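Chains as they are written, first to last, in the numbering used here: chain A, 1 to 615; chain B, 616 to 1230; chain C, 1231 to 1572; chain D, 1573 to 1914.
Simulated from the structure, these hints should not be mistaken for laboratory data.
As the structure is a computational prediction, the values presented were derived from the model and not from experiment.
Do not rely on the hints blindly, as some may be mistaken.
No farther apart than 27 Å at their CA atoms in a straight line, the calculated lysine-lysine pairs in the BS3-like style are these [unchecked claim]:
#1 A:K588 - B:K1203
#2 B:K1044 - D:K1894
#3 B:K1044 - D:K1900
#4 A:K550 - B:K717
#5 D:K1894 - B:K811
#6 C:K1558 - A:K192
#7 C:K1558 - B:K775
#8 D:K1908 - B:K812
#9 B:K689 - B:K717
Calculated Cβ distances over 12 Å to all of chain B for the following chain A residues [said to hold, decoys possible]:
#10 Q58
#11 E260
#12 Q362
#13 G460
Note that beta-carbon positions come from the ideal geometry of N, C-alpha and C, so glycine has one too.
The lines below spell out each chain.
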Amino acid sequence: MLKKPNKVIEVDAVVVKFAGDSGDGMQLSGSQFSDTSAFAGNDLATFPDFPSEIRAPQGTVAGVSGFQLHIGHKEVDTPGDLADVLIALNPAALKANMKWVKNGATIIIDIDNFDNKYYKKAGYIEDPLGDGTVDGYNVVKAPISQLSKSTVKDLGLDAKSAERTKNQFALGMLYWLFNKDLKYGEEFIENKFGSKKPLLAEANKRVLRSGYNYAETVEALRTTYQINPIKDRKGLFRNITGNIATSWGLIAAAERAGLELYLGSYPITPATEILQELAKMKHFGVKTFQAEDEIAGINSSIGASFAGDLAVTTTSGPGLALKGEAIGLAVITELPLVIVDVQRGGPATGLPTKPEQADLMQALFGRNGESPCVVIAASTPANCFHYAFMAGKIALEHMTPVIMLTDGYLANGSELWNIPKIKDLPEIKPPFVKDNSDYQPYERNPETLVRSWALPGQEGMRHRIGGLEKEDITGNVSHNPLNHEKMVGLREEKVQRVVNCIPELKVSGEDRGDLLVVGWGGSYGALISAVKDCQAEGKKLSLAQFNYIKPMPKNTAEVFSRFSKIIVCELNMGQFANYLRMTFPEFKYLQHNKIQGLPFMISELKEKFNQILEA
Amino acid sequence: MLKKPNKVIEVDAVVVKFAGDSGDGMQLSGSQFSDTSAFAGNDLATFPDFPSEIRAPQGTVAGVSGFQLHIGHKEVDTPGDLADVLIALNPAALKANMKWVKNGATIIIDIDNFDNKYYKKAGYIEDPLGDGTVDGYNVVKAPISQLSKSTVKDLGLDAKSAERTKNQFALGMLYWLFNKDLKYGEEFIENKFGSKKPLLAEANKRVLRSGYNYAETVEALRTTYQINPIKDRKGLFRNITGNIATSWGLIAAAERAGLELYLGSYPITPATEILQELAKMKHFGVKTFQAEDEIAGINSSIGASFAGDLAVTTTSGPGLALKGEAIGLAVITELPLVIVDVQRGGPATGLPTKPEQADLMQALFGRNGESPCVVIAASTPANCFHYAFMAGKIALEHMTPVIMLTDGYLANGSELWNIPKIKDLPEIKPPFVKDNSDYQPYERNPETLVRSWALPGQEGMRHRIGGLEKEDITGNVSHNPLNHEKMVGLREEKVQRVVNCIPELKVSGEDRGDLLVVGWGGSYGALISAVKDCQAEGKKLSLAQFNYIKPMPKNTAEVFSRFSKIIVCELNMGQFANYLRMTFPEFKYLQHNKIQGLPFMISELKEKFNQILEA
Amino acid sequence: MAAEIKIAQLVTKADYKSDQVVKWCAGCGDFAILSAVQSALAESQVRKEDVVFVSGIGCSSRFPYYINTYGFHGLHGRGAAIASGIKIANPKLDVWHITGDGDSMAIGGNHFIHLVRRNIDMNVILFNNKIYGLTKGQYSPTTPRGSITKSSPDGTIENPFKPGELVMGAQGTFFARVVDTEPKRMKEVFLEASKHRGTSVVEVLQNCVIFNNRIHNEITGKEVRDDHQIHLEHGKPMIFGKEKNKGLVLRDSRLDVVTIGKNGITEKDILIHDAHNPDDTTHYMLVRMTLPEYPVATGVIRFCECTGTYNAELELQIEKAKANPEVKSLQELIEKNSFLVE
Amino acid sequence: MAAEIKIAQLVTKADYKSDQVVKWCAGCGDFAILSAVQSALAESQVRKEDVVFVSGIGCSSRFPYYINTYGFHGLHGRGAAIASGIKIANPKLDVWHITGDGDSMAIGGNHFIHLVRRNIDMNVILFNNKIYGLTKGQYSPTTPRGSITKSSPDGTIENPFKPGELVMGAQGTFFARVVDTEPKRMKEVFLEASKHRGTSVVEVLQNCVIFNNRIHNEITGKEVRDDHQIHLEHGKPMIFGKEKNKGLVLRDSRLDVVTIGKNGITEKDILIHDAHNPDDTTHYMLVRMTLPEYPVATGVIRFCECTGTYNAELELQIEKAKANPEVKSLQELIEKNSFLVE
Ligand SMILES: Cc1ncc(C[n+]2csc(CCOP(=O)(O)OP(=O)(O)O)c2C)c(N)n1
Ligand SMILES: Cc1ncc(C[n+]2csc(CCOP(=O)(O)OP(=O)(O)O)c2C)c(N)n1
Ligand code: SF4
Ligand code: SF4
Ligand SMILES: [Mg+2]
Ligand SMILES: [Mg+2]
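Assemble the whole structure, with the sequences as input and the hints as a guide.
Here it is, written out as structure tokens:
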């Protein structure tokens, strides 16, 4: 229907970065283009990055909000190291992103914002378009602001709203550049503004098309690209972020357990969205309690668990620090509880909007006394669903707190998710007891060591639990020395026996080789990409990515033993490596660590692996 | 002056256990006899153990309060495994302590309380004096209550107060049994009640003497014991508990730094006494702030530190859990702060009055992000003074939080302390800057990496710090990826360089051998006793007790390498062993762990060591 | 709901005694409170399996072990949060929160005021002995200014909270005060509290024989109590005194103590207690009355159901959402915006 | 002490501008508050090196970076505790605590009420935009009941705190309210606060353009503000309205709005504002006034120095102890009960 451009090149994958001021709608256009690509059958991965201020001063580097999108004809595991196409709505956006684009990349700029005032705000001394900064790049200087405004002139929008349509103009150019169907973009707008704000919907659609048309006429965009649909996938898919996947995984666990879901939480970046998503789920009987702080959040959840809900608390690092004492209470009372920690850069307030994997030790040990609980980690935005579900299942079936680690990268990043059938998910069977049974709160299933669960309201089962050491079987308060030792041991052993309910560790690649790359949690995308690349080059290396951290899979040591070298890669100073050293001291662990508030780059990993393989 | 008994046997050491109801004054008489023994030149170590209830029901095992005292002619390192003499004021006291007395021990009981009612309360089914329970022991049945009351009959005391003198009667018997001079006992009473309660003073003194006289006439106590003064010690000594020593060590640090001492704290067993002791020290300019909770306690201390005091916060495990987030703030703001954690049994509320060493991992890692701080541990009641002083010194000179670990055993236990000269203690020189210097808050001493310290009120030095990641040198907020990595590295390295200011690790015993026993903190007494015993038997083993935990002494690996085997002994599930595995993965570590809310017994350690040495 | 389930079988006080040995000090005021609560529960005829006692940490907070209901001995200061979660998770339960002055006014202060503000339907019993009992005698946020305690050897320099005043500041809907020496009144007040929908706070002036003995004697002492206490009852005039001849009147924005029969004052001039008044100005004045100027107010000072409870409103929102769900199933939700690849 | 050190050199508002770029959203109410504080400081003539700004976390809590004094950007909710430590450690400092409605009323609620109770001498400025700004729009403890926010899609079901009411409940000695649209009044109120000895709390009704735009418009809007605000001044009658013909009178224990000239009401009938009254009953009524029944009270509602400050009393105790020390040196202390072994 639309006139085809002169030349269409088929490419396997392309990385696009949207960048502009915080108020410029970069997140929105990013999502819009992601959805369109998804509908077009591409695989994709996205990652937004925004400042920790709400709207840092317009035009400054601090105020730049970005969104990176990787779309592919083949499987795509990360949002990409460097961009093929950069949209920079102002000089600050250019400045902030020049180091993240490929040589020779296409850079689309809103020339209307490239004046002296904005150069300076961005911290440029001279015009970056004239000082060699963009030499060697394919720079498309489009009068985006101006054309957007004139497109909507006759709609009677206020100036601010008119100005704000410019993201659609840039986006329209992208639709052209990548041969995407505008229909999906328009539908997205319809869904977003639709009935509530028809005028805005109309304006945005017009500008989108206007950008498309403009691109068609620009010399610099004569060549366009086609990313064909991915072939080896079948089923029902959607684009999903880690936080949404986590929220839904929890709902699914409650549903499969036949329980109501309770969330006691306090807002904190980057975990807040889970609270917000679950607050919308009252029709599923979900109860969200926005507590006065993190401590109240978790303690209310412990109460809700005692009362028989699937109880959850969500937070990020500083909040997890505050919850330590209460996690200990859940450990000693042996109540099911899911604690989601969406990790961010630390210490203290640290880098609140940046991802990091530095809460592992805290999750394992950040409590007084011997206080074991299950720790698991999701490794992609979409599998947050699965691990949230498993967190619920393990908590309920093993009467234990489960800490689920994600991070800002998984939480806000997105990828395609193969939608499961809820009714096919595994059943969840908490160890409930019948009314008027002969109940001893700390009597255990001899196999799993799990105590059984009687709920307030049940007849004939009145009992009391609490934070003092409890007597084996009866649960009465006990200061008996040998009982204490026994209970400490039982609590640890109970957690260890969860090992029987989790899958064995599988490596990606050959079973044995020269190098085993070990990772855990959210670094999966970069690690698997780098490992695959090296494998493609004929190197003998494989990846073991851990999702189950405490306990670790049964066959871990065995897997390790089949490789000559082991390197542990993490976005921290080496916490998992140290945890492995204490758990499997018989192996030697090399380390690769990065702590920049950024995910790994595939290129840096490959370099590292090659270096080791060649050593 | 007092008629000598028939037979006096000289002994090297003796262990006495006082046991009775919570209200029976066992702690008082224990301290009284300790002081007397100290004045008599004996070495000593004591340990009280009391229930977590204030006055659990009279006559029940739960309500028994105990005090164990080990006095010696030679060096004494622990309160002793088993008692030579037990004073049991009621059947519950007998029941609670029978497993802690040596075969053939002397058991002095208050026969007035050994009736049917009390047997039952104590949980005995039959009269324990008749059912074989005490067969083989030297049981002295004294009508203690009755004789005490009649001794004070004419003083006009109320019934309760008269009854309460009975501890002095039992004590008087001990003075006889061990040939101690009543003068010291009387002086103690005088100091305690003296001018304020002269009637009580008189009553107690009379009953003390009455017990002494009674003992003189009892057949069972014909033989008495003499523990001669210790010889190889010189200097000024006093008996001191760990909590008092900690308090004074902190005052000393403030004095040597020329700063005021600030304590922000919230009461918690077994740390409360430090707050109470320091609250009495206003004449030294000490400010104690009893906060609304632990979080306010530490945050107020961070404020006080910013303002230029030597700032301290004291707590126990659950409180440390609550302080994690704020410790991170002190880490990132690089402010001096001493955090004292008097460990107790966990998890959660756990065993609040029992010692344990299970907060080590929490101290090292219980915070979000990479959040390194210095961790040290005292190892005897008296050296709490030294390590509290060093905690202050390191914090101030290295601009870092320092966590000092003690435990309930050190805190409440006592031993003789060789009193130092305050003016001979090392100087403490915080990195202050002069008014109007060219100040950059995060500029560092290139050698130690310590930043310099400007205080509010100083002219020309206004600056701002906080919990967001800061730019190197300027301290401005920075989200720069490489800066973050640099700062994370600098904070860790700064802590590591403290290694240059701490002593090397010294082993007790030969430099090399078959077995190195490794311990840390409060287990020193039992470990050194057991190691010495084994050494005396000709075994080739030595002890390395760690006081500096992060960083560990420079020569640690070297020391380890000189022994064939290493065993790490701790009152937890193996936290230090794991920490060693991650720090020095090149060694193999055996473990001996105990988690009963009780210290090690010398006998169990010896058995373990011998087993390994023979393996 | 809890109220609707009436039981056939008679529940007695003995049903509420647990099998655990009560481990308070002999003479502690806590015993009387425990007994009064057990009596009140027996009388309230609530289904015994629906009762849950939740506490923090402190001597008083050992309470749940001693009462045969569902019980949770929580963390220091966190009982209110735990109890909130229990009630929200299962609004059918009859939730009681036991706390001390340290537990609720020090470390738990924030949870306390938020509980009150949210008006979650539960009963709070605050054992106010004005001292930290379990940790052996440090001052608490309710300890009178100037008190010498183990942690204040030179006397405290902090203004004590009055729990009632704080409850008003947090928009509480129910506040009562009783003394541990009057078992019958305690029981009655507990029954009133249990009838109230919303957060009810009952402050019990409790004696700690060991660390703060006789702290309330100026109020509870046999010789003085009639003159130093005014027991308020809704709808009744505010009269007190051994001779029942003293009373309170309102003059401008302050209360005054007057003597009936003097200066022309008759019983008719005496203020009538209106516990149900949504405007809590008078309640605010009443809770703050202190000796020697005023008698100390006891009884139910405020009892108002002028605002919905958190739990009931949440139930309503959930019912509404369920009646008209945006999506019918989780399956439908997750399939939104999806596309089929074939 | 701080007051005694007068400086020769004139400090200007510019001295209080830091070198950091201010990163609030364009149009945020925080800018005006920052400017008013800088003006107030310049006017107060306090020694600039003695000023310390301490905050928690939130948009508002970025404040210390933007003002050229000593500054501490603390942890969420903990600013009050940090500030307390600073003031106690060095009472000579002029301490200001900046906080938001989430920071002080949610996570920091306990520290807030304890600070007020202890009456530590510092100035608290509470930026009340009735929303969590920095985390992008969840409801806060001051968000009006029923509000739809990102975390309350069906409307909140909690009664919002009124900061002033809570301050009264915690026995506060100073409370004022101002709106961010009136720079001059803000500055004046900040100056008043800085003069007060003890904890002064100033609530600023602040607009968050992004997440809660116009939330205070019913109070601050140009057309309505004269009728919907009553600006209180100590010693002046409580008159308001565009025509300055409305006023407040006290009837029994409640305030009523009257019109001067109607029903025989004259200016003399109007209540005179007594901010200094130690009895805070009237202040309690004033802080709770809400639209539409009442105008919202602004200005200094309570200013009382009826109780000592924590820091001054502690200084006194220390002085006394130093004047008459139990032992003269640490050496003497540790040598007590010692014995010499030779
Ligand atoms: C996190 C934590 N901090 C401190 C303590 C120590 N602690 C236990 S009870 C208590 C105060 C008890 O006072 P109150 O609440 O008045 O109860 P009471 O014993 O007087 O009944 C304290 C400080 C603790 N258990 N946990
Ligand atoms: C321990 C902790 N919990 C949660 C957060 C996340 N957080 C940061 S600011 C904020 C609330 C901000 O609201 P407010 O105090 O009203 O300040 P405003 O941004 O509105 O000025 C929250 C929840 C945090 N930083 N730390
Ligand atoms: S210490 Fe006080 S409050 Fe605690 S049980 Fe004993 S008397 Fe009761
Ligand atoms: S989000 Fe709101 S409060 Fe925060 S800076 Fe922007 S306008 Fe101000
Ligand atoms: Mg108390
Ligand atoms: Mg706010």
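Verification of the supplied hints:
In summary, the hint linking K588 (chain A) to K1203 (chain B) is supported, as the alpha carbons are separated by about 13 Å, within the 27 Å threshold. Only pairs whose Cα atoms come within 27 Å are accepted, and K1044 (chain B) paired with K1894 (chain D) is accepted, the gap being roughly 25 Å. About 24 Å separates the Cα atoms of K1044 (chain B) and K1900 (chain D), which keeps this hinted pair within 27 Å; it holds. Between K550 (chain A) and K717 (chain B) the CA atoms are separated by roughly 44 Å; this puts the pair beyond 27 Å, and the hint is violated.
Only pairs whose Cα atoms come within 27 Å are accepted, and K1894 (chain D) paired with K811 (chain B) is accepted, the gap being roughly 24 Å. For the hint pairing K1558 (chain C) with K192 (chain A), the CA-to-CA distance comes to about 21 Å; that is within 27 Å, so the pair holds. As the CA atoms of K1558 (chain C) and K775 (chain B) are separated by approximately 73 Å, the hinted pair breaks the 27 Å bound. The hinted pair formed by K1908 (chain D) and K812 (chain B) meets the criterion: a straight-line CA distance of about 22 Å does not exceed 27 Å.
Distance check on the hinted pair: K689 (chain B) and K717 (chain B) sit about 20 Å apart at the alpha-carbon level, within 27 Å; holds. Under the 12 Å C-beta cut-off, the non-interface status given to Q58 (chain A) relative to chain B holds; the minimum distance is some 18 Å. Against the 12 Å criterion, E260 (chain A) stays outside the reach of chain B, whose nearest CB is about 26 Å from its own CB. With a closest Cβ-Cβ approach of about 6 Å to chain B, Q362 (chain A) is found to fall inside the 12 Å limit, against its non-interface label.
For G460 (chain A), the condition that its CB be more than 12 Å from all CB atoms of chain B holds, with the nearest at approximately 28 Å.
Consistency note: the structure conflicts with the earlier hints numbered 4, 7, 12.
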